[in-house]
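Trainee: Each chain, letter by letter, is given below.
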Amino acid sequence: MSLWLGRVTVIPKPSVNDPQGLAVLDGLHALGFSEVEQVRVGRHIDVRLDAEGAEEAEARLCQMCETLLANTLIESYEVQVQPVQEGAAV
Amino acid sequence: MSLWLGRVTVIPKPSVNDPQGLAVLDGLHALGFSEVEQVRVGRHIDVRLDAEGAEEAEARLCQMCETLLANTLIESYEVQVQPVQEGAAV
Amino acid sequence: MKVGVVTFPGSNGDTDCIETLKLVEGCEPQLIWHKSTDLMGADALILPGGFAHGDYLRPGSIAQFSPVMREVARFAASGGPVLGICNGFQVLTEAGLLPGALLRNQYILFHCAWTHVRVSSNRSPWLEGVEEGTVLRMAVAHGQGNYFADTETRRRLVEQGQVAFEYCDPEGNTSGESNHNGSVDSIAGVTNEAGNILGMMPHPERSSDPLLGSADGRVLFESLVRSMAAGAVGR
Amino acid sequence: MSTPVTLTDAELREVALSRQEYDLGVRLLGRETNRVELGILGAMWSEHCGYKNSRPLLGMFPTEGPEVLQGPGENAGAVRLGGGLAAVFKVESHNHPSAIEPYQGAATGVGGIVRDIFTMGARPVALLNSLRFGPPDEPNNRRLLSGVVRGVGDYGNSLGIPTVGGEVGFSASYRGNPLVNAMCVGVAPADGLVRGLAGEPGNVLLLVGADTGRDGIHGATFASVDDPHASHKGVIQVGNPFLEKLLMEACLELLGSPHVVGMQDLGAAGLTSSSVECAGRTGSGVDIDVSRVSRRETGMTPYEVMLSESQERMLLVVRPDGVDAVREVFEKWDLHSDVIGQVTADGTLRVRDGVEVVCELPIRLLIEDVPRYTREGKPSAQLLERRERDITPLAASVDLPVEEQLLRLLASPNIGSKRWVWEQYDHTIGTSTVLGPGSADAALMRVRQTGEGMAVVMDCNSRYCLLDPYSGGMGAVVEAVRNLACVGAKPLGLTNCLNFGNPEKPEVYWHLKESIRGMSDACRALGIPVVSGNVSLYNESEDEAVNPTPVVGMVGSLPDASKSVGIGFKEGSDVYLLSGGGQPTLGASEWLAVLTGEEAGMPPMPDLDAAARLHDVLRTGIRDGWIQSAHDVSEGGLAVALAECCIAGDVGLATSEWSTGADPVELFGEGHGRVVISVHAQVSEEDLAARIGDSARWERLGRAEGKHLMLGKAAPIPVSSLSEAYESVLP
Ligand SMILES: Nc1ncnc2c1ncn2[C@@H]1O[C@H](COP(=O)(O)OP(=O)(O)O)[C@@H](O)[C@H]1O
Ligand SMILES: [Mg+2]
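Chains as they are written, first to last, in the working numbering: chain A, 1 to 90; chain B, 1 to 90; chain C, 1 to 235; chain D, 1 to 731.
Don't read these hints as lab results, they were simulated from the structure.
The reader is advised that the hints may include incorrect statements.
[Claimed, not checked] Cut-off 25 Å, straight-line C-alpha distance, at most; resulting in silico cross-link-like pairs (BS3-like, lysine-lysine):
1) D:Lys-332 to C:Lys-35
2) C:Lys-2 to C:Lys-22
3) D:Lys-505 to D:Lys-52
4) D:Lys-563 to C:Lys-22
5) C:Lys-2 to C:Lys-35
6) D:Lys-570 to D:Lys-707
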C-alpha cells in the first residue's frame with residue numbers, strides 16, 4: 001500500500017447552464033479582461049488515499065466521483081493520480 | 001491571435017481551515033472509502049481566451065487569478081494552458 | 001395522522017415544520033433523526049429546509065446517504081407521501097427520487113423574499129383538491145434553487161402533470177421577472193411520476209400564518225390530511 | 001520552564017505591550033516571563049481583552065434595573081421577558097478581520113456573537129448587523145461591501161437564525177477600515193441562564209468543536225493596534241457554519257444538565273482568555289495540558305495552541321463524574337471533544353506541554369492587574385470650526401426644485417434602499433418574524449412560547465457623533481427607543497459597540513468619552529439599563545480615525561406581537577405629524593451632505609422628557625389600534641420619511657390643508673422628536689386631540705390615497721418615481 005494524490009476536476013456539462021461561469025465572465029470583462037470568451041466554473045478536489053497502485057487509486061476515485069463527488073446528471077469529471085512523496089503536504 | 005483554454009485550479013492553502021474538505025472526508029468515510037486520508041476542496045475554472053501565444057495566455061490568466069479568480073490570502077492557484085481546436089466546445 | 005420531519009445535521013427548517021404542523025388539525029408531527037432507520041409509524045414524511053452537512057460540495061449530496069434515506073426511499077416506493085422543502089428538495093433530487101437538479105441561482109446570490117407560485121398540476125396528495133391555476137404567496141430563501149432538467153425530461157414532466165408549481169406574478173402570469181432564480185420554465189416544484197413525492201423550493205411552512213406574511217402554504221398540509229382521510233394514498 | 005529572555009522593542013510590539021507595561025508585569029510577577037507567558041500577558045492586557053482605555057469610561061453606564069437578569073461581565077447580557085423567559089443579547093465587532101478578508105471576517109464575526117448567546121443557554125432567534133463602508137462608488141468599497149454582506153448572510157443563513165435588521169452606512173472615513181458589528185438575540189428560560197464559571201477545584205475542562213490550527217494568532221493584539229494590514233500575521237480564519245450549527249444544537253441539548261458547571265466560547269485570544277475568564281469569575285485556577293488539544297496541523301507550539309483563534313470551539317466546565325455523559329451528547333452530533341485540564345484552587349493559570357510546565361501566571365495578574373489609562377480628551381480646532389460654521393448661506397445655495405432634492409436624497413447611499421443587502425439574509429427562517437427588514441422602524445419577532453412581541457434594532461448616526469459626540473451618543477439611544485416605539489414596543493435593555501480610532505489621540509479620546517457620557521445620560525433619563533457591549537478601538541487607516549461610531553443595539557417588548565405596526569401608510573387613513581420636543585435643523589444633516597457635499601453644523605439635541613411622552617403616545621395608539629402605521633423622521637427629514645411611508649404602503653399622500661413652502665428646514669431638517677403616523681379614518685381630529693392630550697404636538701398632513709406624494713405646494717411626485725430612485729442605490 002502506498003499514498004496517492006488524486007486530483008479530481010468536476011465541471012458542469014456543456015448543456016447545463018452555469019450561472020457562476022457567467023458571473024465570473026462578467027467580472028473579468030468589468031476588470032478589463034476583454035479577451036475572455038467563455039468561463040465555466042467547477043470544483044477541484046484533492047484526495048489523498050492509500051492504494052496498491054495508480055490503477056487501483058484511479059478506479060476508487062472514479063467510484064467516489066460516481067457516488068458523491070460529482071452529480072453526473074449535470075457534471076462531468078476527470079481524475080488524475082500521482083504518487084505522494086513521503087512527508088509532503090497536500 | 002488564437003484561442004486558448006486556460007485550466008485554473010484554486011485550492012485552499014495548506015494551513016487554512018477547509019470545512020468543505022472535512023465534510024467531504026467524513027462523507028467518503030461514511031460511504032466506506034476508508035482508504036481516504038485527506039480531502040481539500042477548491043475550484044476549477046475553465047477560461048477560454050484570445051491570446052498571441054501560450055505565454056501571453058498564461059500571464060493573463062495569472063493576472064486574473066490575482067485579481068478575481070483566487071483569494072490569494074487563503075488560496076493558491078495553478079494555471080495550465082492548451083490550444084483550442086477550432087469548433088471544439090469547452 | 002403522524003407526520004415525520006427528518007433532522008439532518010445542518011437542517012434548520014425542521015422546527016418550523018413541526019410548529020406549523022401543530023396548527024393543522026389532524027396532524028401529529030414528530031422529529032426523525034437522520035441516523036434512525038425507524039420511521040416511527042409515520043404516515044407522511046417531510047425533508048425540511050436548511051444546509052444539511054453545510055451544503056458543502058453540493059446541497060443534499062452528502063445527506064442523500066444518511067441512514068434514514070434508505071427508509072425514505074422505501075416509504076416513497078410504497079406510495080407514502082414525501083415532501084421535500086428547499087434543502088429537502090435538493091436532497092430528493094440528489095438521491096434520484098425526483099428528476100432534475102438545483103443549480104446556483106441565476107444571480108448567484110442567496111435570495112430571501114416573498115414570491116408567488118401557481119399550482120400547475122394538483123396530481124399529488126399534497127395538493128389534492130387545490131384548483132389548478134391557484135396562485136399562492138410564499139416565502140423563498142435559497143442560494144441554489146435554480147431548477148434544471150434536460151429538454152426530454154421537461155417534456156415528460158409536463159405531459160405527466162409532474163410540474164406542481166411555477167413562479168409567477170400575483171396574477172398568475174409567468175415571466176422572467178417573477179422567475180427570481182432562473183429556473184427552467186419557471187419550475188418551482190415537481191413531483192415523481194406517481195405524485196406522492198413532491199419537492200419545492202418555496203417554504204409552505206413559513207407561509208402558514210397571516211401574521212408572518214401569508215397563510216397560503218397551509219393548503220399543502222390541509223390537502224395531505226384530506227387525502228389521507230379519504231384513503232387516497234397507498235402505503 | 002525555559003529561562004527568561006531580554007526583550008527587544010519589536011518583540012514587545014508583536015504582543016502589543018509597551019516597555020512600561022512589560023516592566024509592570026515583571027514587577028507584579030516578581031520575575032521575567034518566558035515566551036509563552038509573554039504572549040498570554042500581551043493578549044490579556046490588550047485593549048481588546050483588557051479594556052485598558054475604555055473600562056474607566058464604561059463605568060458611566062447605568063447597568064441595573066428591575067428587568068436585568070445579567071448585566072455586563074458575562075458572555076452576554078439578559079433582561080426579563082414575559083412568561084418566565086429572558087432575552088439574551090450582545091453585539092460584537094469584527095472590523096479588523098473584515099478589512100483584511102471581508103467574507104471570512106464578517107462570517108466569523110457572526111459565528112462569534114452567536115456563540116456568545118448560546119453559551120448563555122439561550123437559543124438564538126435573531127441576528128442584526130451594523131455596517132459601515134467608504135463611498136460605494138469606489139470599487140474597493142464595493143468589494144468590501146459585497147464580501148461582508150455575503151459573509152454575514154451565509155453564516156447566519158446556515159445556522160438558521162434569521163437576520164432581521166441592522167443598518168448600512170457610508171462615509172469616506174471608513175475607507176480602508178470598514179465597520180462590521182453583529183448583534184445576536186436569544187431567548188432562554190429566565191431561571192436557566194448558564195454562566196462562564198469554573199466552579200470547584202477538580203472540575204474538568206472539556207474543549208469541544210473544531211481542531212485547533214494556526215488561525216488568527218495575535219488576533220486580540222492585532223485588534224489593538226492601528227494598522228491591521230501591517231500587524232496581521234496569523235493565518236486567516238475560515239468559518240465553518242455547519243460545525244457551529246452542530247455545536248449550538250449540542251450545547252442547547254445540554255441545558256439543564258446537572259453535569260455542566262459552566263460554558264465559555266473561545267473568541268479573541270482563544271483558549272487563553274476563555275480559561276482565564278472562567279477561572280477569574282470564580283476565583284479559581286486552571287491547569288491545562290496543551291498536548292491534549294487536537295490539532296489541525298503538526299508542529300504547533302504551546303504558544304500557538306494557547307493563542308490560536310480557530311473558530312467554532314467551546315470550553316465546557318464539567319463535574320468529574322459527568323464527563324462521559326456530556327461527551328455522549330457531543331458524539332451524537334458527531335462532535336469531537338478533548339479533556340484538556342482541570343480547575344484548581346490556587347488561582348494560577350498553569351499550562352503544561354505533557355509533563356513540562358510552560359506557563360505559570362496568577363489569574364489576577366491577567367484580569368485585575370490590567371493597566372488602566374485615563375487620558376485627556378480634546379476636540380481639534382478644525383472640528384470646532386466645522387460644527388460652529390454658519391450653514392445658512394450654504395443651505396441657501398441649493399437651487400433645485402423640491403421634487404428634485406427629494407429624489408436625490410432617496411437615491412443617495414445612506415438613505416437609499418438596502419434591499420440588495422437584506423434579501424441576501426434569510427429573514428423568514430424561524431417562523432417568528434412579524435416585521436422584517438424594510439417594513440418597520442424596528443424588527444419585530446414573535447416569541448414562540450408566549451406570543452409576546454420582541455422588538456430589536458441597531459442604530460447610530462456617526463456624523464452627529466463626529467460633530468457633537470455628547471448629543472450624538474444621546475441621539476443614538478433616543479433614536480433606538482423611538483424606533484421601538486414606532487412598532488409599539490417599550491425598551492428593556494441596551495447593548496452597544498463602541499467603534500473609535502486610536503484612543504491615544506486626544507480628539508479620539510474626547511469623542512469616546514463624550515459619546516459614552518451622552519449615551520449614559522440618555523439611558524438614565526429613559527430608564528434603560530446597559531447589559532452588554534463591546535469596544536473596538538484603533539479603527540484607523542492612513543492615520544485617520546473612522547467617524548466615531550457608538551452603535552446602539554436595543555431590545556424591547558410588547559405584550560401581543562400582533563398589535564404592532566409597520567411604516568407603510570394604510571390606504572384611506574389620515575396622515576399626521578407628531579412632534580415631541582427639539583427643533584429640526586439642517587446641521588449635520590444628510591440633506592446638507594448630499595446637496596452641498598458639506599458635513600458641518602451642530603447636530604440636533606434630543607429633548608429626553610418630550611421624547612418619553614411622545615413614545616408613550618405611540619405605544620398606546622398602536623396597542624389600541626388607531627395608529628395604523630408609524631415612522632420616525634430621521635436622516636433626510638420629513639420629506640424622506642413621507643416618501644418611505646408611501647413606498648412601503650404603495651400608496652400616495654394627498655395634502656390639502658398642509659401648505660408648506662419650500663423651506664428646507666421644514667422638509668429636510670432632522671431632529672429627535674418627530675414621527676409620521678397614519679390614523680384610522682374613523683378617528684376625527686377632535687378625537688385625536690383628546691387621545692393625545694398635551695403629550696405631543698400634532699399636525700394633519702393629509703390622507704393616504706392615490707398614486708402621488710404631494711409635499712404641500714411642490715409638484716406631485718409619482719410613488720413609482722420615488723420607488724425607482726429609492727431602489728437605485730445598490731448594488
Ligand atoms: N461598551 C460596553 N458596554 C457595556 N459592556 C461592555 C462594553 N464593552 C464590553 N462590555 C462587557 O465586557 C465584557 C467583555 O466583553 P468582550 O471582551 O467583548 O467579551 P467576549 O469575550 O464575549 O468577546 C462583556 O460582558 C461585555 O458585555
Ligand atoms: Mg464570550
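Trainee: Next, verify each hint and record whether it holds.
Mentor: Outcome of the hint check:
no.: 1; hint: D:Lys-332 to C:Lys-35; verdict: holds (10 Å)
no.: 2; hint: C:Lys-2 to C:Lys-22; verdict: holds (11 Å)
no.: 3; hint: D:Lys-505 to D:Lys-52; verdict: holds (15 Å)
no.: 4; hint: D:Lys-563 to C:Lys-22; verdict: holds (23 Å)
no.: 5; hint: C:Lys-2 to C:Lys-35; verdict: holds (19 Å)
no.: 6; hint: D:Lys-570 to D:Lys-707; verdict: holds (13 Å)
When held up to the earlier numbered hints, the structure conflicts with none and fits them all.
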